[in-house]
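Participant: Chains as they are written, first to last, in the numbering used here: chain A, 11 to 316; chain B, 11 to 316.
These aren't lab readings, by the way, just hints derived from the structure by calculation.
Hints should not be assumed to be uniformly reliable.
[Stated by the list, open to error] Calculated cross-link-like contacts (lysine-lysine; reagent style DSS-like; alpha-carbon spacing at most 25 angstroms):
hint, chain 1, residue 1, chain 2, residue 2
1, B, Lys201, B, Lys109
2, A, Lys268, B, Lys269
3, A, Lys245, B, Lys245
4, B, Lys52, B, Lys109
5, A, Lys52, A, Lys103
6, A, Lys269, B, Lys268
7, A, Lys52, A, Lys201
8, A, Lys204, A, Lys52
9, B, Lys201, B, Lys284
10, B, Lys103, B, Lys147
11, B, Lys147, B, Lys121
12, B, Lys245, B, Lys269
13, A, Lys268, B, Lys201
14, B, Lys284, A, Lys269
15, B, Lys46, B, Lys245
[Said to hold, decoys possible] Partner residues aside, some chain A positions facing chain B, computed with beta carbon under 10 angstroms:
hint, residue
16, Thr85
17, Leu180
18, Gln250
Ideal Cβ positions, reconstructed from N, Cα and C, are used throughout, including at glycine.
Number of protein chains: 2
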Amino acid sequence: MKCKTCAAKAVIETRRHNAAFCTGCFCTHVERQVQKTVDTEKMLSKDDRILVAVSGGKDSFTLWEALHRLGYSTTGYHIVLGIGDYSPLAREKVEAYAKGQGLPLIITDLKEEYDFGIPELALHTPRVPCSACGLSKRYVMNRTALEEGFTVLATGHNLDDAASTLLGNLLHWQTEQLGRMRPAMEATHAKLVKTVKPLIRLTERETLAYTMLRGIDYHEDECPNAVGATSLLYKDILNQLEHASPGVKQSFYLGFLKKGRTAFAAHSDGITLKECEVCGQATTTETCAFCRMMEQARRRAASRNP
Amino acid sequence: MKCKTCAAKAVIETRRHNAAFCTGCFCTHVERQVQKTVDTEKMLSKDDRILVAVSGGKDSFTLWEALHRLGYSTTGYHIVLGIGDYSPLAREKVEAYAKGQGLPLIITDLKEEYDFGIPELALHTPRVPCSACGLSKRYVMNRTALEEGFTVLATGHNLDDAASTLLGNLLHWQTEQLGRMRPAMEATHAKLVKTVKPLIRLTERETLAYTMLRGIDYHEDECPNAVGATSLLYKDILNQLEHASPGVKQSFYLGFLKKGRTAFAAHSDGITLKECEVCGQATTTETCAFCRMMEQARRRAASRNP
Numbered sequence: 011m012k013c014k015t016c017a018a019k020a021v022i023e024t025r026r027h028n029a030a031f032c033t034g035c036f037c038t039h040v041e042r043q044v045q046k047t048v049d050t051e052k053m054l055s056k057d058d059r060i061l062v063a064v065s066g067g068k069d070s071f072t073l074w075e076a077l078h079r080l081g082y083s084t085t086g087y088h089i090v091l092g093i094g095d096y097s098p099l100a101r102e103k104v105e106a107y108a109k110g111q112g113l114p115l116i117i118t119d120l121k122e123e124y125d126f127g128i129p130e131l132a133l134h135t136p137r138v139p140c141s142a143c144g145l146s147k148r149y150v151m152n153r154t155a156l157e158e159g160f161t162v163l164a165t166g167h168n169l170d171d172a173a174s175t176l177l178g179n180l181l182h183w184q185t186e187q188l189g190r191m192r193p194a195m196e197a198t199h200a201k202l203v204k205t206v207k208p209l210i211r212l213t214e215r216e217t218l219a220y221t222m223l224r225g226i227d228y229h230e231d232e233c234p235n236a237v238g239a240t241s242l243l244y245k246d247i248l249n250q251l252e253h254a255s256p257g258v259k260q261s262f263y264l265g266f267l268k269k270g271r272t273a274f275a276a277h278s279d280g281i282t283l284k285e286c287e288v289c290g291q292a293t294t295t296e297t298c299a300f301c302r303m304m305e306q307a308r309r310r311a312a313s314r315n316p
Numbered sequence: 011m012k013c014k015t016c017a018a019k020a021v022i023e024t025r026r027h028n029a030a031f032c033t034g035c036f037c038t039h040v041e042r043q044v045q046k047t048v049d050t051e052k053m054l055s056k057d058d059r060i061l062v063a064v065s066g067g068k069d070s071f072t073l074w075e076a077l078h079r080l081g082y083s084t085t086g087y088h089i090v091l092g093i094g095d096y097s098p099l100a101r102e103k104v105e106a107y108a109k110g111q112g113l114p115l116i117i118t119d120l121k122e123e124y125d126f127g128i129p130e131l132a133l134h135t136p137r138v139p140c141s142a143c144g145l146s147k148r149y150v151m152n153r154t155a156l157e158e159g160f161t162v163l164a165t166g167h168n169l170d171d172a173a174s175t176l177l178g179n180l181l182h183w184q185t186e187q188l189g190r191m192r193p194a195m196e197a198t199h200a201k202l203v204k205t206v207k208p209l210i211r212l213t214e215r216e217t218l219a220y221t222m223l224r225g226i227d228y229h230e231d232e233c234p235n236a237v238g239a240t241s242l243l244y245k246d247i248l249n250q251l252e253h254a255s256p257g258v259k260q261s262f263y264l265g266f267l268k269k270g271r272t273a274f275a276a277h278s279d280g281i282t283l284k285e286c287e288v289c290g291q292a293t294t295t296e297t298c299a300f301c302r303m304m305e306q307a308r309r310r311a312a313s314r315n316p
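Build the full structure now, drawing on both the sequences and the hints.
Facilitator: This is the structure in structure tokens:
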């Protein structure tokens, strides 16, 4: 198999593009896909100060590496979740990468700054770990981006993530969520930062290959809490469809952006945001969901360890 | 396991209803599901003269049996497709059932009345067998219903059929088809008959069980042309989801009818129908797709066997 671009020996085949690439041309191809997404969805400009969410996995390293190579001004942002052996290793990989590249990095340790890591939140509130984690990450990412003066927050959601979220929302006809599914979300309130997902044209397999071919030392483990997650079933389902019909995953998600999304736009209109009476961040309720979770955790922890 | 209704020994469990039934109560349950669908979607009245499409398989026998037992005025309609050993056996089963029940039956033999069965249409036109078959059945069902003075045409599409069609239309964002997906389609033109799908609340497994428990001698074979059909992949995918989360297949399809369908309604508006210049049936083009296929088959067949 030869590289589609330079005819050198290919190292990876991408069936949905009906193409194969050598190491160098594949990395260029990935970065061009990122640039194309950034341009098509008007995600970023070279003047933006971009906070890049970096977990230490293949997706977030692909995002940081590609945006940096494409000439954007990036700062990494890592959240220490406090999950067993998983979190310390993730932090190590992120710090090593930032140091090696000479790129700025901000770290928030949930337990240090907010008293509770994910395991404690799962213990002291009714939320399952993935729910507590998602809420915490969305909250501290947005808050940090605003407080540190960044204009955009970039996250490493890939095509598999986006397509499986879309499938889940369609299976349950979550029309409000469908209306809000945008790879670039402009800030609709002074306390919200613009968020972008520049990897939605890349599959998990492609971000994995890019990370490896760029020689980045990433955190290989799945989070131990993800075992049995519905999103993994949806990803498996979509991979079966992709195997039978290469390209269907991409046309499903990009087709939604082009033709489906507008059908649900009306469902997500008319949401009024205000400032949380505790922390001042944007919320639809009096006290935001994060502050309510934290208050609940503090009360339960105190009653259990008086 | 005991019957949910009468506490007799259960013969079938339906996980999504969290219930089990004995033979009699299961059959009643199935017929009530049909009645509920008929009522909810305003499909039929007791004054309707209903033409029931009967292939000889489990779904169409469930439909005919249930509608007859519910007191509707039904006539069976069987199309002889001319497919190998499959079609003669199907016809036998349908004729035996109609005779046993003393119910009227109309038969159209495609090859006798239109010169070509499905194998010849697949041979002499660019269409694959399933495409030629679907087009032919839709055409002759509608035409026969009109010519014989029926007010409604009922077909045996079940929940698995409806959900897999929905999944396929969503994967490819066929917004026009999505807007037209209705279990009851009122006649929008003088040359169209109203069509209804009263089995969309029943799974394949349930129509199979009903047919067996009612002691109906049905045609067990899948059509030999269906092997490898995409719809079978979609059904398998939906069964995997159903296994992980009982009820998701039904909530996916019924949720679409309730919340998704309206989002696409605009996409299917504004289609102007006229009468085919050859046969006079409703069409969007000068000559309808069926007449064009037949003309093509006649020309090719003549040039091959001059």
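Participant: Verify the interface restraint on A/Gln250: the C-beta must sit less than 10 angstroms from at least one C-beta of chain B.
Facilitator: holds, 6 angstroms
Participant: Mind checking the alpha carbons of B/Lys201 and B/Lys109 for me, to see if they're no more than 25 angstroms apart?
Facilitator: violated, 31 angstroms
Participant: Need the status of pair B/Lys245, B/Lys269: alpha-carbon distance at most 25 angstroms?
Facilitator: Holds - the C-alpha atoms of B/Lys269 and B/Lys245 are around 22 angstroms apart, at most 25 angstroms.
Participant: Within a Cα-Cα threshold of 25 angstroms, do A/Lys269 and B/Lys268 meet the stated pairing?
Facilitator: Holds, at about 20 angstroms.
Participant: Taken at face value, is the distance from the CA of B/Lys245 to the CA of B/Lys46 at most 25 angstroms?
Facilitator: holds, 24 angstroms
Participant: Is A/Lys245 close enough to B/Lys245, meaning Cα to Cα at most 25 angstroms?
Facilitator: holds, 17 angstroms
Participant: Run the distance test for A/Lys268 versus B/Lys269: straight-line Cα separation, threshold 25 angstroms.
Facilitator: holds, 20 angstroms
Participant: Taking only the CA atoms, is the gap from B/Lys284 to A/Lys269 under or equal to 25 angstroms?
Facilitator: Violated, at about 28 angstroms.
Participant: With the threshold set at 25 angstroms, check whether the alpha-carbon distance from B/Lys52 to B/Lys109 stays at or below it.
Facilitator: Roughly 30 angstroms separates the two Cα atoms, so the pair is violated.
Participant: Sort out whether B/Lys121 lies within 25 angstroms of B/Lys147, counting only the CA atoms.
Facilitator: Roughly 13 angstroms separates the two Cα atoms, so the pair holds.
Participant: Against chain B, run the beta carbon of A/Leu180 and see if the smallest gap drops under 10 angstroms.
Facilitator: Holds. Min distance 6 angstroms.
Participant: Checking one constraint from the list: CA of B/Lys201 to CA of B/Lys284, max 25 angstroms. Satisfied?
Facilitator: holds, 9 angstroms
Of the numbered hints stated above, those contradicted by the structure are hints 1, 4, 5, 13, 14, 16, listed in ascending order.
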